[in-house]
Structures are given as structure tokens and as C-alpha cells.
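J.: Work out the full structure, taking the sequences as your base and the hints as a guide.
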Amino acid sequence: MSFSVPSSLEAELDELTTHYPVKRSASLMFLHALQEHFGYISKEAMEWTASKLELQPINVFELVTFYPMFRQEPLGKTHIKVCRTLSCALQGSAELREQFCKRLGLDSQAHTAQTTPDGKFTVEFVECLASCGTAPVVLVNESLYQMVSPAAADEILRKGNLK
Amino acid sequence: MAEQFKLITKHLDEPGFSPDIECYLQHGGYAALRKAVASPSRELADGKKLSPQEVLREDVKASGLRGRGGAGFSAGLKWSFVDRRSGKPIYLICNADESEPGTFKDRQILHRDPHQLIEGMILSCWANDVKLAYIYIRGEMPEGARLLNVALKEARSKGFLGKNILGTGYDLEIHVHRGAGAYICGEETGLIESLEGKRAYPRIKPPYFPAILGLYMCPTIVNNVETLCHVTHIVNMGAAEYAKLGTPNNTGTRIVSLSGDINRPGYYEIEVGKVTLGQLIHDSNFGGGLKPGRSLKAIIPGGSSSKVLKAGEVFKLNRKGPDGQMSKIDVPMLDLPYDFDSLQQAGTMSGSSAVIVLDDSRSMVKTLGNLSEFYAHESCGQCTPCREGALWLAKATHRLTHGEGRKEDTAYLAHIAQNIQGRTICAFGEAAAWPVLSFVKKFKDEFDAQGAADEAARAKGAQPTHRPSPVGTLNPH
Numbered sequence: 000m001s002f003s004v005p006s007s008l009e010a011e012l013d014e015l016t017t018h019y020p021v022k023r024s025a026s027l028m029f030l031h032a033l034q035e036h037f038g039y040i041s042k043e044a045m046e047w048t049a050s051k052l053e054l055q056p057i058n059v060f061e062l063v064t065f066y067p068m069f070r071q072e073p074l075g076k077t078h079i080k081v082c083r084t085l086s087c088a089l090q091g092s093a094e095l096r097e098q099f100c101k102r103l104g105l106d107s108q109a110h111t112a113q114t115t116p117d118g119k120f121t122v123e124f125v126e127c128l129a130s131c132g133t134a135p136v137v138l139v140n141e142s143l144y145q146m147v148s149p150a151a152a153d154e155i156l157r158k159g160n161l162k
Numbered sequence: 000m001a002e003q004f005k006l007i008t009k010h011l012d013e014p015g016f017s018p019d020i021e022c023y024l025q026h027g028g029y030a031a032l033r034k035a036v037a038s039p040s041r042e043l044a045d046g047k048k049l050s051p052q053e054v055l056r057e058d059v060k061a062s063g064l065r066g067r068g069g070a071g072f073s074a075g076l077k078w079s080f081v082d083r084r085s086g087k088p089i090y091l092i093c094n095a096d097e098s099e100p101g102t103f104k105d106r107q108i109l110h111r112d113p114h115q116l117i118e119g120m121i122l123s124c125w126a127n128d129v130k131l132a133y134i135y136i137r138g139e140m141p142e143g144a145r146l147l148n149v150a151l152k153e154a155r156s157k158g159f160l161g162k163n164i165l166g167t168g169y170d171l172e173i174h175v176h177r178g179a180g181a182y183i184c185g186e187e188t189g190l191i192e193s194l195e196g197k198r199a200y201p202r203i204k205p206p207y208f209p210a211i212l213g214l215y216m217c218p219t220i221v222n223n224v225e226t227l228c229h230v231t232h233i234v235n236m237g238a239a240e241y242a243k244l245g246t247p248n249n250t251g252t253r254i255v256s257l258s259g260d261i262n263r264p265g266y267y268e269i270e271v272g273k274v275t276l277g278q279l280i281h282d283s284n285f286g287g288g289l290k291p292g293r294s295l296k297a298i299i300p301g302g303s304s305s306k307v308l309k310a311g312e313v314f315k316l317n318r319k320g321p322d323g324q325m326s327k328i329d330v331p332m333l334d335l336p337y338d339f340d341s342l343q344q345a346g347t348m349s350g351s352s353a354v355i356v357l358d359d360s361r362s363m364v365k366t367l368g369n370l371s372e373f374y375a376h377e378s379c380g381q382c383t384p385c386r387e388g389a390l391w392l393a394k395a396t397h398r399l400t401h402g403e404g405r406k407e408d409t410a411y412l413a414h415i416a417q418n419i420q421g422r423t424i425c426a427f428g429e430a431a432a433w434p435v436l437s438f439v440k441k442f443k444d445e446f447d448a449q450g451a452a453d454e455a456a457r458a459k460g461a462q463p464t465h466r467p468s469p470v471g472t473l474n475p476h
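Keeping their order, the protein sequence lines are chains U and B.
Last residue of the first sequence: 162 in numbering that gives the first Met the number 0, with the numbers rising by one and none dropped.
Last residue of the second sequence: 476 in numbering that gives the first Met the number 0, with the numbers rising by one and none dropped.
The hints are simulated quantities; they were obtained by calculation from the structure and are not laboratory data.
It is possible that part of the hints are untrue.
In silico DSS-like pairs for lysine-lysine, Cα to Cα no more than 30 Å straight-line [stated by the list, open to error]:
1) B:130 with U:22
2) B:5 with B:319
3) B:87 with U:51
4) B:5 with B:48
5) U:51 with B:152
6) U:22 with B:87
7) B:157 with B:9
8) B:290 with U:22
9) B:273 with B:204
10) B:204 with U:22
11) U:51 with B:440
12) B:48 with B:197
13) B:162 with U:22
14) U:42 with B:197
15) B:162 with B:290
16) U:51 with B:130
17) B:9 with B:60
18) B:162 with U:101
19) B:130 with B:60
20) B:157 with B:327
21) U:51 with B:162
22) U:76 with B:406
23) B:47 with B:243
24) B:60 with B:243
25) U:22 with B:197
T.: Below you can see the structure in the form of C-alpha cells.
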């Protein structure tokens with residue numbers, strides 16, 4: 000499959016580049032936009048970003064491997080990020096993640112993000128989401144769910160199944 | 000009873016208060032900006048004349064405002080370090096990469112009152128001759144980034160931002176820049192590298208003090224969201240009035256993030272130093288006490304990087320007596336005024352003003368295990384002591400929480416932590432080491448007992464649980 004960036008997205012990114020006196024600064028914003036559009040960051044997307052910003056591909060690759068939000072393979076349509084850090088852990092975020100994994104048939108002992116074979120869900124433990132007062136919190140795609148009860152977790156899965 | 004003092008959070012929870020500019024204007028928004036740009040220059044006693052911009056810089060210094068991000072450094076002094084003679088442009092960056100575990104105050108401002116931040120930023124930029132500024136918001140806050148972009152557009156359309164602001168001839172542009180999930184971007188030089196499109200490897204100081212060699216090697220100011228909001232109120236109230244809030248050397252208000260084992264977690268704004276740790280936890284206006292039947296075990300007083308306080312500790316604090324003489328007095332932990340200096344004298348820090356409360360159902364070993372895993376994950380990997388050491392700390396606490404502990408682990412943890420602190424480019428080394436050092440010192444018995452119990456169980460043939468990281472439940476052991 001050939002890689003192509005829609006002209007509207009390219010225009011948006013060209014405009015973004017003007018926000019910085021040095022083109023390279025736009026790298027993270029490029030990667031966010033490309034990941035949002037394609038679902039992940041491919042080798043081609045990195046090469047395209049590099050050529051647009053007059054960089055070497057390695058300059059982009061090292062960002063993708065450094066920043067936890069970037070991924071090199073497609074994930075589930077519903078991406079569930081459960082906060083792992085202290086305040087959420089105190090309110091049972093480990094149990095919450097286990098519930099998600101169990102319901103979806105995923106390995107709750109695994110270290111990294113896991114995706115269901117049908118591509119519908121990815122479950123991941125992430126570090127502090129800065130909403131400790133409403134623990135436990137879960138970021139589902141771009142929406143923050145707070146004080147997530149076991150019932151609320153099942154509701155997240157129900158919604159995801161409709162997608 | 001201790002009360003909140005709502006300056007920054009005044010309107011946040013009001014019914015009907017929305018993040019749009021019309022609502023902000025109805026609540027007196029952008030009056031401070033109008034006031035500042037119309038203010039006259041000031042003549043000093045020695046005949047020296049200060050421009051209106053210099054007046055605001057002096058006022059921020061006089062207000063006593065200290066940075067709300069973590070270090071608590073004087074904001075006015077930070078501004079005064081900016082190299083104004085280099086001929087290079089001066090940049091300002093708002094650090095909205097809120098990610099210190101326990102902290103969720105900036106989130107409230109960004110999502111509910113973005114114009115308060117933008118007005119504070121415009122004022123700060125104007126005072127420092129900044130023409131281009133950025134808001135570095137953490138990647139996990141896409142909604143916040145969207146709201147900020149809308150708010151910036153509104154501010155431009157009303158003439159508060161862009162070319163010739165309010166007809167003064169002053170030009171300023173502010174852009175939103177999103178991070179991508181790395182805690183280290185909250186460190187100001189790491190943030191600058193990240194904004195330059197690189198890995199967020201913190202820079203070594205000297206020579207890379209942002210005030211001299213910051214973004215694109217130009218003089219740069221990096222201020223926290225809450226700090227910038229205070230500038231608006233300093234202009235509105237006047238520096239002298241503002242400085243009356245709080246306590247000497249700890250002026251103004253602060254938003255405290257309360258979480259953990261309390262009845263009313265949430266954010267509470269207080270006059271700095273006017274409320275004690277005990278009031279924050281127990282008063283019905285604040286944390287509302289612990290769960291029924293529970294007693295206090297420990298407090299992490301200033302974000303996860305601060306040293307833990309143990310219930311029942313008593314500290315020696317410097318206090319001025321009625322005769323004006325300084326003397327040391329005993330202050331029990333719960334009577335510590337929540338401010339910068341008292342917590343520092345108690346051997347810890349108020350950091351990002353995030354208080355995490357732990358009751359007697361919690362295992363300190365498991366709690367430290369959770370935190371150590373955070374630091375192992377978030378070390379940027381640039382300095383060997385931190386990259387390797389943070390991982391070793393996490394491995395040792397992992398052992399202790401999975402039936403593989405050893406008697407010598409308490410001493411081992413302290414040894415590793417001591418070899419990280421002071422040996423790294425940035426303060427992350429201390430951030431990873433301090434929780435460990437304070438936990439194993441103050442709760443040594445618990446760590447020793449865990450190691451001994453694991454050894455005894457293994458001698459009887461018990462198998463380690465072999466649960467891989469991430470660690471399991473933190474609930475009562």
C-alpha cells in the first residue's frame with residue numbers, strides 16, 4: 000500500500016510548521032497528527048515527516064521510540080489506558096485493569112499494551128494521568144473517565160463493542 | 000475552622016461558568032491586561048525611571064510570588080535573570096506538562112478557565128518583551144489542548160493577542176504544543192529540548208540556564224500554569240495587597256491537590272501557610288478525615304518525589320518569638336503549616352502541592368514499589384546512575400512485593416538511592432531517590448520484616464509469586 004497524506008492534512012501541518020522559527024520543532028505535532036490519521040506511525044510516516052521538516056529519518060525515529068504515546072503498530076479501535084500510578088493504585092486501578100483484561104480474554108500479567116485479536120480493544124497501563132483526586136481514572140481514546148467503578152468499566156467495554 | 004481562599008479557583012465550580020471568552024469577560028477578565036498596558040512609568044527615589052513593563056517585573060518580585068510547579072523559586076527573580084542584552088529574542092513557555100503523581104491542579108485551570116492562564120501569559124510576555132510564547136501541554140490532555148486553541152483564537156479576535164495588542168503596538172503570538180507522554184518534559188530544560196523537536200534529555204547547568212541559553216539557545220522563561228495565573232491577580236490587586244495573602248516569604252494562595260485515603264479528595268485553594276497539614280486532611284472543609292476506623296500512617300506532602308512524612312513525627316522549626324529572636328520549636332507533623340519553608344525545614348518539600356494520604360491499611364513496601372516503578376519507567380535514560388539505578392530500585396521493590404525479598408534489601412535500596420542523588424544532570428535523580436531514602440529510613444521495620452518473612456517462607460519451600468511487573472494490588476496485605 001502506498002503512503003499518502005491527504006492534502007488537507009498536509010496543509011494543516013504546513014500551517015503548524017509556521018508556528019516555530021525552526022521547522023524541527025513541529026516534529027511532535029506532526030507525529031500526533033499522523034498517528035491520529037493513520038492509527039499508528041509507520042516507517043513511511045517517519046520518512047515523510049523527516050523530508051517535510053528537512054531532517055534525517057533517524058531524528059524522527061528516535062522520537063517515536065522515546066515518547067510513550069507514539070506507536071509503530073495499529074492498536075484497537077477503543078484504546079483503554081488505565082492509570083497505574085499511586086493515587087489510582089490506592090483506589091484499585093490494578094483490579095480495574097485486571098477486569099478489562101479478563102473480560103476481553105487478555106493476559107493481565109503482560110507488561111505492555113495488548114490488543115484483542117478482532118482489533119476492537121487495546122488495554123494498557125499508563126503512568127499518572129494527573130487526575131488523582133478522582134481516582135481511579137481511565138483514558139479511553141481521548142475521553143477521561145473518572146472514579147471508574149467495575150460497572151462503569153463494563154459500560155466502557157459495551158460502548159466499544161458497538162464500534 | 001480553616002477555610003479555602005479562592006483566588007485562582009474562584010469561578011471554576013460556579014454553575015454556568017464556562018471556558019469561553021464572553022464568560023471570562025463578564026467575570027472581569029482581561030481587566031488586568033488593560034490596566035497594565037495603560038499604566039504609567041514609575042519614578043524611583045534615586046531618579047531612575049522604570050518603564051511600565053519594568054514596573055510589572057518589579058511588582059512580581061515585590062509580590063513574593065514563588066513558582067507553583069515544584070521548586071518554589073521566586074518568579075520575579077527568575078524573570079530578573081533573563082539576559083536582555085544579548086539582542087536575541089526572548090521566549091516564554093508555559094509548563095502545562097502536569098505529571099507529578101498526585102498533582103491535578105493545572106488540569107482544572109486548563110480545562111475550565113483557560114483565559115485566566117492566557118491573560119497571565121500575555122501579561123508576563125508583555126512585561127518581559129516576549130513576542131513568541133508556547134504552552135507545552137501534556138499529550139494526555141487532548142481536550143485541554145483543544146480548549147486552549149479555541150481560547151487563543153478568541154483572544155486574537157478580541158485584540159488581546161496577535162498584532163498591536165489593545166492598540167499599544169505590542170505584538171505577541173502564543174501557540175499550543177503537545178507533549179507525548181514523557182514525565183521528564185516537566186523538567187524545564189527537558190521541556191525545551193522537547194519543544195525543539197528532540198528527545199527530552201535535560202540540559203546541563205551551567206551553561207544551559209534557560210534565562211540565558213534556553214529555547215533555540217535564546218533567553219527563555221519557563222513558568223508553571225498556576226504561577227502565570229497569579230500574575231493576573233498581582234496586577235489586579237497590586238503587589239503590596241497580594242503580598243498580604245499567605246505568610247511572610249510564602250505569599251499568595253496555592254491550589255493543593257489532595258488524594259489517597261481521605262473522604263474528600265479534590266483540589267483546595269489556600270492562603271499559603273495559613274492551613275496546616277492536619278487541617279488539610281481532617282477538616283470538613285478539606286479532606287474530611289480518613290475512612291471510618293482507619294488511622295493515619297503517612298503523608299506524601301508535595302508530589303511523589305517529596306520525602307514521606309510519618310504519622311507522629313515531630314519537627315524542629317525556626318520560629319520568631321515575641322521578642323523577635325529566632326528559636327527552634329517542636330512542631331508535630333499535622334501542625335506543619337502548609338507552605339514552602341515549613342515543609343523544607345521538616346526535611347521534605349511542598350513541591351507541586353500534591354498531598355497523598357496513606358492510612359494504616361497500606362503497605363509502605365507496596366507503596367514504594369508502585370512509585371519506584373514510575374521512576375524506572377520515566378527516567379529519560381541520559382545519565383547512567385539514574386537510568387540503571389532507578390531500574391535497580393524498581394527491581395528490588397519488586398522482589399520485596401513478590402515473595403523474593405531479602406534481609407539486606409533495605410540497606411541495598413538506600414545504597415542505590417544514595418548513588419543516584421547528586422550524580423545526574425537534572426533533579427529527576429533526586430526525585431527517584433528521595434522517596435526511597437525516606438521510606439526505608441522511616442519505615443525500616445516494615446522493609447526489614449518483609450525481607451525476613453520472604454526469606455523464612457522460601458526456607459520452608461514457598462515459591463515466589465512471579466507476577467511480572469506491573470505490580471498487583473496495593474490493598475491491605
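J.: Could you tell me which of the numbered hints above are not met by this structure, giving the numbers in increasing order?
T.: Violated hints (numbers, rising): 4, 8, 9, 11, 12, 15, 18, 20, 22; every other hint is consistent with the structure.
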